[in-house]
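Asks: Quick note, the sequences are listed as chains R and S, same order. Letter 201 of the first sequence, counting from 1, is numbered 201 in the UniProt record's numbering, and no numbers are missing. Letter 173 of the second sequence, counting from 1, is numbered 173 in the UniProt record's numbering, and no numbers are missing.
Quick caveat, the hints were computed from the structure, so don't treat them as lab data. Since this is a predicted model, take the numbers as computed values, not measurements. Glycine included, every Cβ here is placed at the ideal spot set by N, Cα and C. Check before you lean on any hint, since a few could be wrong.
[Said to hold, decoys possible] Where chain S lies over chain R, by a calculated footprint (3+ residues, C-beta under 8 Å): (1) 47 to 58; (2) 220 to 226; (3) 253 to 259; (4) 268 to 276.
Here are the chains, one letter per residue:
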Amino acid sequence: MIFLTFEHILTHISFSVISIVITIQLITLLINETVGLYVSSEKGMIVTFFCITGLLVTRWIYLRHLPLSDLYESLLFLSWALSIIHLFAYLKKYKNHLSVSAITAPSTIFTQGFATSGFLTEMHQSPLLVPALQSHWLMMHVSMMVLGYAALLCGSLFSVALIVITFQKAIRIFGKNNNLLNALFSFDEIQYINEGNYFVRNTSFFSSKNYYKSQLIQQLDHWSYRIISLGFIFLSIGILSGAVWANETWGSYWNWDPKETWAFITWTIFAIYLHTRTNKNFEGVNSAIVASMGFLIIWICYFGVNLLGIGLHSYGSFTLTSN
Amino acid sequence: METHFIISSKMERLILNNPNPSLSKPFLLKTPFLHSVFGHQITPRTAQIRSFSVTCKNKASQDKKLKNVSNKIVLSEAAPPLAEEESDKSGNAEAEVKPGNGSGSTKLVKRLPKRILGALSNLPLAIGEMFTIAALMALGTVIDQGEAPDFYFQKYPEDNPLWGFFTWRWILTLGFDHMYSSTIFLGMLALLGISLMACTYTTQIPLVKVARRWNFLQSGETIRKLECSDILPRASVQDLGVVLMGAGYEVFIKGPTLYAFKGLAGRFAPIGVHLAMLLIMAGATLSATGSFRGSVTVPQGLNFVVGDVLNPSGFLSKPTEAFNTEVHVNKFYMNYYDSGEVKQFYSDLSLFDLNGKEVMRKTISVNNPLRYGGFTIYQTDWGFSALQILKNDEGPFNLAVAPLKINGDKKLYGTFLPVGDVDSPNVKGISMLARDLQSIVLYDQEGKFVGVRRPSSRLPIDINGIKIEIVDAIGSTGLELKTDPGVPIVYAGFGALMLTTCVSYLSHSQIWAIQDGTVVIVGGKTNRAKVEFPEEMDRLLDKVPEIIEPSHNKLKNNDA
Numbered sequence: 001m002i003f004l005t006f007e008h009i010l011t012h013i014s015f016s017v018i019s020i021v022i023t024i025q026l027i028t029l030l031i032n033e034t035v036g037l038y039v040s041s042e043k044g045m046i047v048t049f050f051c052i053t054g055l056l057v058t059r060w061i062y063l064r065h066l067p068l069s070d071l072y073e074s075l076l077f078l079s080w081a082l083s084i085i086h087l088f089a090y091l092k093k094y095k096n097h098l099s100v101s102a103i104t105a106p107s108t109i110f111t112q113g114f115a116t117s118g119f120l121t122e123m124h125q126s127p128l129l130v131p132a133l134q135s136h137w138l139m140m141h142v143s144m145m146v147l148g149y150a151a152l153l154c155g156s157l158f159s160v161a162l163i164v165i166t167f168q169k170a171i172r173i174f175g176k177n178n179n180l181l182n183a184l185f186s187f188d189e190i191q192y193i194n195e196g197n198y199f200v201r202n203t204s205f206f207s208s209k210n211y212y213k214s215q216l217i218q219q220l221d222h223w224s225y226r227i228i229s230l231g232f233i234f235l236s237i238g239i240l241s242g243a244v245w246a247n248e249t250w251g252s253y254w255n256w257d258p259k260e261t262w263a264f265i266t267w268t269i270f271a272i273y274l275h276t277r278t279n280k281n282f283e284g285v286n287s288a289i290v291a292s293m294g295f296l297i298i299w300i301c302y303f304g305v306n307l308l309g310i311g312l313h314s315y316g317s318f319t320l321t322s323n
Numbered sequence: 001m002e003t004h005f006i007i008s009s010k011m012e013r014l015i016l017n018n019p020n021p022s023l024s025k026p027f028l029l030k031t032p033f034l035h036s037v038f039g040h041q042i043t044p045r046t047a048q049i050r051s052f053s054v055t056c057k058n059k060a061s062q063d064k065k066l067k068n069v070s071n072k073i074v075l076s077e078a079a080p081p082l083a084e085e086e087s088d089k090s091g092n093a094e095a096e097v098k099p100g101n102g103s104g105s106t107k108l109v110k111r112l113p114k115r116i117l118g119a120l121s122n123l124p125l126a127i128g129e130m131f132t133i134a135a136l137m138a139l140g141t142v143i144d145q146g147e148a149p150d151f152y153f154q155k156y157p158e159d160n161p162l163w164g165f166f167t168w169r170w171i172l173t174l175g176f177d178h179m180y181s182s183t184i185f186l187g188m189l190a191l192l193g194i195s196l197m198a199c200t201y202t203t204q205i206p207l208v209k210v211a212r213r214w215n216f217l218q219s220g221e222t223i224r225k226l227e228c229s230d231i232l233p234r235a236s237v238q239d240l241g242v243v244l245m246g247a248g249y250e251v252f253i254k255g256p257t258l259y260a261f262k263g264l265a266g267r268f269a270p271i272g273v274h275l276a277m278l279l280i281m282a283g284a285t286l287s288a289t290g291s292f293r294g295s296v297t298v299p300q301g302l303n304f305v306v307g308d309v310l311n312p313s314g315f316l317s318k319p320t321e322a323f324n325t326e327v328h329v330n331k332f333y334m335n336y337y338d339s340g341e342v343k344q345f346y347s348d349l350s351l352f353d354l355n356g357k358e359v360m361r362k363t364i365s366v367n368n369p370l371r372y373g374g375f376t377i378y379q380t381d382w383g384f385s386a387l388q389i390l391k392n393d394e395g396p397f398n399l400a401v402a403p404l405k406i407n408g409d410k411k412l413y414g415t416f417l418p419v420g421d422v423d424s425p426n427v428k429g430i431s432m433l434a435r436d437l438q439s440i441v442l443y444d445q446e447g448k449f450v451g452v453r454r455p456s457s458r459l460p461i462d463i464n465g466i467k468i469e470i471v472d473a474i475g476s477t478g479l480e481l482k483t484d485p486g487v488p489i490v491y492a493g494f495g496a497l498m499l500t501t502c503v504s505y506l507s508h509s510q511i512w513a514i515q516d517g518t519v520v521i522v523g524g525k526t527n528r529a530k531v532e533f534p535e536e537m538d539r540l541l542d543k544v545p546e547i548i549e550p551s552h553n554k555l556k557n558n559d560a
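Using the sequences provided together with the hints, build the complete structure.
Replies: Here you go:
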């Protein structure tokens, strides 16, 4: 019982602290950069990190197995992984750290908030491990998958940000050009936007604002590439260890189970992303579009399949709790 | 003007073996072999040629100096002094996407196989294939798989097509009712496999050939044009070499020039990833064509022959001697949590060979299969086969138990003990229901609940004058058997894939430097960590000591 109370307290601390962090970040973003506020938001993230760690450790102790067996626990783990990414960027003192935290902190709050919201409350009760989950592979497979999801979500959010920024710019240029050349067919317009884009990229060195913007775009591009590469490693290891586990439990290393299939689709999409990166023609916006598709697909893979509660991976899905 | 050339490996060896670097000069500068291309495009610059002669001038004095500086530094006698610009250009695979672009019409016929290869290794094609495969897989999870045709007739009727055109005709014609074994899907996978091979052959292996040749840049201009460059006043390349070595770089120094690299494995690893994918595909093909599968439900105490259960899956499936093994289920039991939920299923199995000799005995459970002679036995399911009861202290009788409702892991079994006239049309009796082997719920002739008994309790229950004692609940174990010759290959592919994807994260960083008087011009580039690399380079260059004494002035002779 003491564990449950402790867990409850930690959940609430982490959630409120991270809400404060987000508020502070919004203030710094909207008003101006205040050093003191920024430092306190960093401290807040550290506190959140320790709270979630404590939460996971508590569950681990009183359940006597790694807290990775159902959706609620994997969500907790996901927010933990996101805060790890955040702290990693913070400790490495990357220059663009603020943009990293702008992605990771809200992601953490969403997962944490969703995990602790009433929607899933009935799932907080300590679940018992079904026979198939009693394996050492559980830790390896699920932790790698969730780490992979966290990194890929983060990286693809960078790409979404890149698209938004680039697209804004395109709209502005498009607007300008439209005034000059009124009669343009839509196809020409698209081409023109592309040319305009290219033009801006070339001339950006002359205009300081555009220079910073293209710098930011480059940084986003680079970071989404690096984080997605990292997530891709985790995802690969996760899928492969899952396949080995399936061969021990279900009798085949690949069953075309919906969750498996969607994980493979995710893997394929991010493999496409990594391949687009090898070609200069596809770099930038094109690869970012692929990564944004990946963002949606991760959510389908992570939630959608469980929502339907189909296939062999239906542990802790919504249907099971209603039974 | 663009020319294609690649130095033959033979020539390279010749240069490598040459103990005197100054002798190698006439060979390589005059021998651009103008065939054998995969499109390393170079713009012929003569800068290297110019400076080369210069570097050899003070060879004796430099060698002496090098030895003084550090015995850790690898002397570059063996390194070919090729300043190939093409390796700069082909940092990524992009240069090779469209091979044969600059070829003349006479070479067209000769190059036809290469053109096909080129078309197959085309990146947009590969991306298209991957997208198609992803889309087909997604479709496979949306459309219910493996149902009878009637199911599709109802769900995708012709008079009300999905999205205006999608009816059961599409599904059944294209084989989407069994997506993952349909011709289209397998064909796409095969095409992707061929693309993988073509890409590895035409793009990646030539890249290795280029990347393996370390090279020195001989002009400060070239170095300064690199992605990331810096100028160090009052420094020496030797000091820089030591610093770089400390940071894990492989350092080569030749006269006033320095070349260092790190993470070369990161450049080769993508080939490994592709090969591992091919290995997995090959293993999966073998699995699909050469395996046996089968499942069986065996009541406790009975036995079966392995070969009777296994069904071949493809034309490569060949039965082995181990198929004559007889499996005896000694015991089937379950463990429960305190809350009553099933914790684990166990089957105690004995294996007997043709002579009736027990060759193996093992208790298997979920996650803990039995492996013998190439086949594997998995614990996958369970059932309730019979209920052993005493009726008024007579018996024991075995009542066959039938499954009433099977919904995933939640099962319900029932049996019936007729009471009174068995031949009458509406025979009445005692019903017994069970969710698992733990407890049996009993109902009387009128369907009213009487009580719950555990099989092991030996506690009789009285139902309208009939004394029933439940002696035992006999379960049956659901076993899955398979042989899969593809597993070792697939596992090898898994291992290789994990390793190579990890290594692929490494960034191949290269640093060049040239001593220009007391000034060292440093430049570098990397293929992945494009933001971290400049930071790392800044940090490393800060460590390079500044030389105050004028003893290094004689180095000035080097630059002419």
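Asks: Against this structure, judge whether each hint is valid.
Replies: Now the hints, each set against the structure:
1. Only when three residues or more bring their CB closer than 8 Å to a CB of chain S does the claim for the region 47 to 58 of chain R stand; here the count is 0, and the claim is violated.
2. Coverage of the region 220 to 226 of chain R by chain S holds [criterion: at least 3 residues with CB-CB distance below 8 Å; count 4].
3. Chain S is given as covering the region 253 to 259 of chain R, and this holds because 4 residues of the stretch bring a CB closer than 8 Å to a CB of that chain, at least three being needed.
4. With 6 residues bearing a CB less than 8 Å from a CB of chain S, the region 268 to 276 of chain R meets the requirement of three and the coverage assertion stands.
Checked against the numbered hints above, the structure violates only hint 1.
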